[in-house]
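Participant: Model the placement of chain B on the given structure of chain A, informed by the hints.
Number of protein chains: 2
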Amino acid sequence: MHTVEPIRWTPEGVVMLDQRRLPREVVYHTYTDYREVAKAIQDMVIRGAPAIGVAAAMGIAIGVERSSAETLDALRAEFGTICDTLARTRPTAVDLFWAIERFGRRFAELALAAEKNSAGARGVARLKALLVEEAKKVHQERQDADREIGRFGAELMPKSGRVMTQCNAGALATAGIGTALGVIRVAVETGHSIEVLVPETRPYLQGARLTAWELHQDHIPLTLITDNMVGHFLKTGGVGAVVVGADRIARNGDTANKIGTYGMAVLAREHNIPFYVAAPISTLDLSIGSGEEIPIEERSEEEVTHLAGMPISPEVRAAHPAFDVTPARFITAIVTERGVARPPFETSLRELSAHS
Amino acid sequence: MHTVEPIRWTPEGVVMLDQRRLPREVVYHTYTDYREVAKAIQDMVIRGAPAIGVAAAMGIAIGVERSSAETLDALRAEFGTICDTLARTRPTAVDLFWAIERFGRRFAELALAAEKNSAGARGVARLKALLVEEAKKVHQERQDADREIGRFGAELMPKSGRVMTQCNAGALATAGIGTALGVIRVAVETGHSIEVLVPETRPYLQGARLTAWELHQDHIPLTLITDNMVGHFLKTGGVGAVVVGADRIARNGDTANKIGTYGMAVLAREHNIPFYVAAPISTLDLSIGSGEEIPIEERSEEEVTHLAGMPISPEVRAAHPAFDVTPARFITAIVTERGVARPPFETSLRELSAHS
Chain A
1 MHTVEPIRWT
11 PEGVVMLDQR
21 RLPREVVYHT
31 YTDYREVAKA
41 IQDMVIRGAP
51 AIGVAAAMGI
61 AIGVERSSAE
71 TLDALRAEFG
81 TICDTLARTR
91 PTAVDLFWAI
101 ERFGRRFAEL
111 ALAAEKNSAG
121 ARGVARLKAL
131 LVEEAKKVHQ
141 ERQDADREIG
151 RFGAELMPKS
161 GRVMTQCNAG
171 ALATAGIGTA
181 LGVIRVAVET
191 GHSIEVLVPE
201 TRPYLQGARL
211 TAWELHQDHI
221 PLTLITDNMV
231 GHFLKTGGVG
241 AVVVGADRIA
251 RNGDTANKIG
261 TYGMAVLARE
271 HNIPFYVAAP
281 ISTLDLSIGS
291 GEEIPIEERS
301 EEEVTHLAGM
311 PISPEVRAAH
321 PAFDVTPARF
331 ITAIVTERGV
341 ARPPFETSLR
351 ELSAHS
Chain B
357 MHTVEPIRWT
367 PEGVVMLDQR
377 RLPREVVYHT
387 YTDYREVAKA
397 IQDMVIRGAP
407 AIGVAAAMGI
417 AIGVERSSAE
427 TLDALRAEFG
437 TICDTLARTR
447 PTAVDLFWAI
457 ERFGRRFAEL
467 ALAAEKNSAG
477 ARGVARLKAL
487 LVEEAKKVHQ
497 ERQDADREIG
507 RFGAELMPKS
517 GRVMTQCNAG
527 ALATAGIGTA
537 LGVIRVAVET
547 GHSIEVLVPE
557 TRPYLQGARL
567 TAWELHQDHI
577 PLTLITDNMV
587 GHFLKTGGVG
597 AVVVGADRIA
607 RNGDTANKIG
617 TYGMAVLARE
627 HNIPFYVAAP
637 ISTLDLSIGS
647 GEEIPIEERS
657 EEEVTHLAGM
667 PISPEVRAAH
677 PAFDVTPARF
687 ITAIVTERGV
697 ARPPFETSLR
707 ELSAHS
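First to last, the sequence lines map onto chains A and B.
Under my numbering, the letters of the first sequence match residues 1 to 356, in that order.
Under my numbering, the letters of the second sequence match residues 357 to 712, in that order.
The following block holds chain A by itself, in its conformation from the complex (with noise of 0.2 angstroms):
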């Protein structure tokens, strides 16, 4: 099955698909400065929590890669300037930090060897080189654990009926086949008979931009709906299970996810679905007890106010969370590239978190 590439490390730069114009235009921009990646994150060209990851750490390699710091002391300085800028785009996505935190454990590593070899110019050069494979290593691990996911995930599918995600999970959102969106993939390819009921995810569209064009893309049938027909759905319409992909997971399982997975999770409870989260242990967040330490992101009010330019609405105050947390009782399981975690899942991420 084909997927598409949100974005490649290239000789000539970073080069990502501006994700704002799909579906109408699929345009590809090249960076060749961090600061132009980092605005790319925040302007939502490249979004999802693992594809922001993959992101961020092309940034850091390309600003690397890009500095003119000769001395290991001149590129540790840019190296933190650069980590600082990227760390300021999005604070809910725990990818991000992650990607962030590995660049800097890498750094150290790499900076002591080179400082024990006393290698100079030369030494800084392979450092840069080194951590530019880093990215690309951490593009390619992001590809794996997908294919894992879905491979765990594609086993919990109904074998036939629908399955109702929310906002892409996809392949734009990991730099891989995806999460959710992996599991369905994986379910197909294995011969499960799905429809995707696909919620168009306001502000931004994904469902219907995203999630519609990828799932079009792979010829896997699928249905457009509202927002606010989740309910409607779940109740009347004959869905065997809800899989959704994951912003930032706390130790106990609480999942912070785009705005209106918390009311579909309660939805589905209501009617006895399983709720399925799908994301990469990268996205678990083991220092925050629960979902209440979540910081979630407020964009702003004209992306409520307004679609595509126009204004839809009088000069109003409006509301821009763009995420909400749901508490872990309503998650059927979370699949990882590890392992399905079931509840408790406080004991069960523990584990798969523990062994790698």
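In case anyone wonders, no lab produced these hints; they're calculated from the structure.
Bear in mind that the values here come from a model prediction, so they are computed numbers and not experimental data.
Note that the Cβ used here is the ideal one computed from N, Cα and C, for glycine as well.
Treat the hints with care, as some may be off.
As the list claims (entries may be wrong) - Computed footprint of chain B on chain A; a stretch qualifies when at least three of its residues, placed anywhere within it, have a C-beta under 8 angstroms from a C-beta of chain B:
#1 202 to 209
#2 216 to 225
#3 231 to 243
#4 265 to 277
#5 302 to 309
As the list claims (entries may be wrong) - Listed below are several chain A residues computed to face chain B (Cβ distance under 8 angstroms; list not exhaustive):
#6 Gly161
#7 Ala212
#8 Trp213
#9 Ile259
#10 Gly260
#11 Ile312
#12 Ser313
#13 Pro314
#14 Val316
#15 Arg317
#16 Ala319
#17 Asp324
Facilitator: Positioned in the frame of chain A, the structure of chain B alone reads:
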């Protein structure tokens, strides 16, 4: 408090505010042909169950008034055609059928009197005039009913804090002060300090376009949200009550209303927030035992895949049920112009509908 008039009887014809063009343009159309009125109902120039009832009444009146029939038999035949045409416009709103039945009874009564008096052409002219009076009476009764609903409902509203509504159950939907918004208006008039959370209500955006506009005009504080924020705000937003309108209420209290109402009701119960339905007695359909018998209008898929004429998704299948059914067990009370019905609704609604 000033409230907007969505429909008005004038010597020139039936004047309607084109709600499809709000809030950007305030445009009125004058209809002199009942077929145009039927088309206006179908195309949603006017919408909202009680307002559709008024429009149907005025549509019949204009059809009869402008009829060239000079004998009772000719007028009776034309009356039948007029009613049939109006009945085929929107299937869910019971007020439409209520108005048609009411005029059927009134016509029969007046025709009988005319025959008794052998009044001939003068009798026919008089009958036409009396049916016009009946339409004006329907409009006046709506306005009175809204006031009473508002008075009963205001007492159920929190003294201060947030109230959530759905779609537009305002002046634009009823031709009075509104049902759900009538409750909010009277609450504000009587000193409650209320902010209204207004879901935009896709695909037609009645919340963003109409409810936000009405409240803004009346200087009632509001915050516009997308439909998928409903769960998040019922969980975290300090909402003291939900109040919505209704398109049809079954004998047992099951209520059909704008798509999304059911999900909102389930989420309100999850957070122990009272969920009120505000509707005139005419919205009661005592002929059906439960919500399962309410026909749900399926509108065009294009209304989901497009917004203001622009495609928002690739060319995929979409679903567009315009309404959903909220089972009575999620409803705290039903507020009518004759008082507040509480569970068991089978009994309380029967009692309210009996005394008049």
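Participant: Each hint: holds or not?
Facilitator: Evaluated hints:
no.: 1; hint: 202 to 209; in the structure: holds (count 5)
no.: 2; hint: 216 to 225; in the structure: holds (count 6)
no.: 3; hint: 231 to 243; in the structure: holds (count 4)
no.: 4; hint: 265 to 277; in the structure: holds (count 3)
no.: 5; hint: 302 to 309; in the structure: holds (count 4)
no.: 6; hint: Gly161; in the structure: violated, 15 angstroms
no.: 7; hint: Ala212; in the structure: holds, 5 angstroms
no.: 8; hint: Trp213; in the structure: holds, 5 angstroms
no.: 9; hint: Ile259; in the structure: holds, 5 angstroms
no.: 10; hint: Gly260; in the structure: holds, 3 angstroms
no.: 11; hint: Ile312; in the structure: holds, 5 angstroms
no.: 12; hint: Ser313; in the structure: holds, 4 angstroms
no.: 13; hint: Pro314; in the structure: holds, 5 angstroms
no.: 14; hint: Val316; in the structure: holds, 5 angstroms
no.: 15; hint: Arg317; in the structure: holds, 5 angstroms
no.: 16; hint: Ala319; in the structure: holds, 5 angstroms
no.: 17; hint: Asp324; in the structure: holds, 4 angstroms
Violated hint: 6 only; the structure is consistent with all others.
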